[in-house]
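Novice: The whole structure should be built from the sequences, with the hints applied where relevant.
The sequence shown begins at 4 in the numbering used here and counts up by one.
Simulated from the structure, these hints should not be mistaken for laboratory data.
Treat the hints with care, since some could be wrong.
[As the list claims (entries may be wrong)] Derived lysine-lysine pairs resembling DSS-like cross-links, with alpha carbons at most 27 Å apart:
hint, residue 1, residue 2
1, Lys168, Lys200
2, Lys90, Lys247
3, Lys98, Lys185
4, Lys185, Lys199
5, Lys100, Lys199
6, Lys139, Lys247
[To be verified] Each pair of labels, with its calculated beta carbon distance range:
hint, residue 1, residue 2, range
7, Gly175, Ile293, 44 to 50 Å
8, Gly225, Asp153, 22 to 28 Å
9, Ala362, Ser177, 21 to 27 Å
10, Ile296, Glu178, 56 to 62 Å
11, Lys264, Leu289, 32 to 38 Å
12, Lys90, Glu124, 32 to 38 Å
Quick caveat, the model's predicted, so the values are computed rather than measured.
The C-beta atom is built at its ideal place from N, Cα and C for all residues, glycine as well.
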Amino acid sequence: MNFRRLLRTSLAGLKAHKSRSLLTILGIVIGITAIILVMAIGQGAEDLILAQIQGLGSRTIVVIPGREPKGPTDPSIVETILSDSLKEREFEALKRKENVPQARSVMPLVFGTESVSYQNETFRPVVLGVSPLATKIFDLSPAAGLFFRDEDVRSRADVIVIGSKVKDELFGLSEALGERVKLKGKNFLVIGVLPKKGQVSFFNFDEAAVVPYTTAQQSIFGIKHFNRLVVEAESEEAIAPTVKDIEITLRNLHGITDPDKDDFFIETQADLAARVGTITNILTLLLVSIAAISLVVGGIGIMNIMLVAVTERTREIGLRKALGATNADILKQFLLEAVILTGVGGVLGILLGALLAFAVSIVLSQVLGLTWAFSFPLFAALLGIVVAGAIGLVFGIYPAKKASEKSPIEALRYE
Numbered sequence: 004m005n006f007r008r009l010l011r012t013s014l015a016g017l018k019a020h021k022s023r024s025l026l027t028i029l030g031i032v033i034g035i036t037a038i039i040l041v042m043a044i045g046q047g048a049e050d051l052i053l054a055q056i057q058g059l060g061s062r063t064i065v066v067i068p069g070r071e072p073k074g075p076t077d078p079s080i081v082e083t084i085l086s087d088s089l090k091e092r093e094f095e096a097l098k099r100k101e102n103v104p105q106a107r108s109v110m111p112l113v114f115g116t117e118s119v120s121y122q123n124e125t126f127r128p129v130v131l132g133v134s135p136l137a138t139k140i141f142d143l144s145p146a147a148g149l150f151f152r153d154e155d156v157r158s159r160a161d162v163i164v165i166g167s168k169v170k171d172e173l174f175g176l177s178e179a180l181g182e183r184v185k186l187k188g189k190n191f192l193v194i195g196v197l198p199k200k201g202q203v204s205f206f207n208f209d210e211a212a213v214v215p216y217t218t219a220q221q222s223i224f225g226i227k228h229f230n231r232l233v234v235e236a237e238s239e240e241a242i243a244p245t246v247k248d249i250e251i252t253l254r255n256l257h258g259i260t261d262p263d264k265d266d267f268f269i270e271t272q273a274d275l276a277a278r279v280g281t282i283t284n285i286l287t288l289l290l291v292s293i294a295a296i297s298l299v300v301g302g303i304g305i306m307n308i309m310l311v312a313v314t315e316r317t318r319e320i321g322l323r324k325a326l327g328a329t330n331a332d333i334l335k336q337f338l339l340e341a342v343i344l345t346g347v348g349g350v351l352g353i354l355l356g357a358l359l360a361f362a363v364s365i366v367l368s369q370v371l372g373l374t375w376a377f378s379f380p381l382f383a384a385l386l387g388i389v390v391a392g393a394i395g396l397v398f399g400i401y402p403a404k405k406a407s408e409k410s411p412i413e414a415l416r417y418e
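Specialist: Written out as structure tokens, the structure is:
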């Protein structure tokens with residue numbers, strides 16, 4: 004029997020039992036839909052996080068105090084928060100060209116959350132202590148007013164630049180410039196308001212209050228160390244040698260000869276991007292593995308229903324054999340029916356999964372205000388078709404074999 008006739012016979016058999024065919028592929032549809040949805044959301048999440056990280060600039064190097072954590076449960080995470088290994092002397096050492104010749108700029112960074120109040124309104128933003136270099140490193144340009152200057156840093160001035168949401172929460176439609184807000188018991192003059200900017204790296208500048216780092220250290224947090232030192236390399240090619248120079252400078256300063264005993268670690272944007280990609284890939288694979296269980300269940304369901312179909316179509320099998328169909332013809336017919344069912348289920352699952360993923364991206368963008376872009380996982384779609392077809396073959400072989408082995412005489416007598 005040629006393939007065209009075989010295909011026509013298989014399709015006729017499936018059309019004759021439409022309800023059973025639809026129920027048969029339901030498990031496959033659910034499984035493929037879940038896989039497409041999970042992988043699309045995973046890719047969207049990774050793209051969102053990477054966009055936020057890369058907003059800091061590709062030439063940015065971040066020096067973090069404490070030992071580098073090896074995982075989310077590593078006690079070094081607490082040490083990183085509490086460590087005071089980065090102070091003024093480290094800042095001055097990294098600024099010197101003889102130590103780090105390819106560093107364009109170095110900026111201290113301190114941060115924490117504190118309540119800011121104006122009259123009867125209170126908001127709790129992230130307070131960032133930076134230098135005027137933040138306008139270049141974070142691409143911050145006030146929508147109204149000005150950013151503070153180097154002399155404000157030197158004089159520990161009580162000036163503040165607030166994010167758009169902080170302004171809305173405290174002042175509403177009123178003018179914020181020239182007003183004074185209370186922060187940590189002191190009055191700070193509002194000299195600038197940032198435009199809506201959203202997330203840059205790990206900070207949401209819409210919900211931030213930015214002050215000179217010297218003011219933050221002395222008047223707000225009461226510390227003499229920095230939470231980060233942000234170094235900008237002269238070019239992307241200079242990142243690796245700059246990282247090396249930073250390591251050598253800090254180790255010499257701290258008397259460290261064994262790199263395993265470093266009391267600091269360094270992250271670049273490429274490091275963060277790779278780490279985020281690894282984490283999201285692991286989570287996506289875990290969820291896909293769980294979703295794949297439904298494919299196995301669907302395959303078992305196909306085998307069971309096709310075994311029932313073989314029993315119901317016993318007389319049909321006997322009649323076809325009596326008219327000259329061979330065991331191989333019967334085997335191919337039932338096997339092709341299984342592959343067609345799973346193939347159709349795979350296509351429907353891909354379309355439904357893509358539709359749901361698109362709906363999720365709209366909801367996340369419109370309702371939560373995230374810059375979530377819809378991403379169609381082409382590889383997952385191709386894999387879904389292949390897997391669906393393979394399931395049809397694997398779970399369709401046994402029922403097809405049972406059908407092909409039926410005796411034509413006994414089959415014709417079957418009631």
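Novice: Evaluate each hint against the coordinates.
Specialist: Hints, verified against the model:
1. Lys168 - Lys200: Between Lys168 and Lys200 the Cα gap is close to 10 Å, so the pair holds against 27 Å.
2. Lys90 - Lys247: holds, 20 Å
3. Lys98 - Lys185: violated, 34 Å
4. Lys185 - Lys199: Holds. Lys185 to Lys199 sits at ~23 Å (cutoff 27 Å).
5. Lys100 - Lys199: Violated, at roughly 36 Å.
6. Lys139 - Lys247: holds, 24 Å
7. Gly175 - Ile293: 44 to 50 Å: holds, 47 Å
8. Gly225 - Asp153: 22 to 28 Å: Holds - the Cβ-Cβ distance for Gly225 and Asp153, about 23 Å, lies within 22 to 28 Å.
9. Ala362 - Ser177: 21 to 27 Å: 39 Å Cβ-Cβ, so the 21 to 27 Å window is violated.
10. Ile296 - Glu178: 56 to 62 Å: For Glu178 against Ile296, whose Cβ atoms are near 59 Å apart, the range 56 to 62 Å holds.
11. Lys264 - Leu289: 32 to 38 Å: holds, 35 Å
12. Lys90 - Glu124: 32 to 38 Å: Once the Cβ atoms are compared, 36 Å apart, the range 32 to 38 Å for Glu124 and Lys90 holds.
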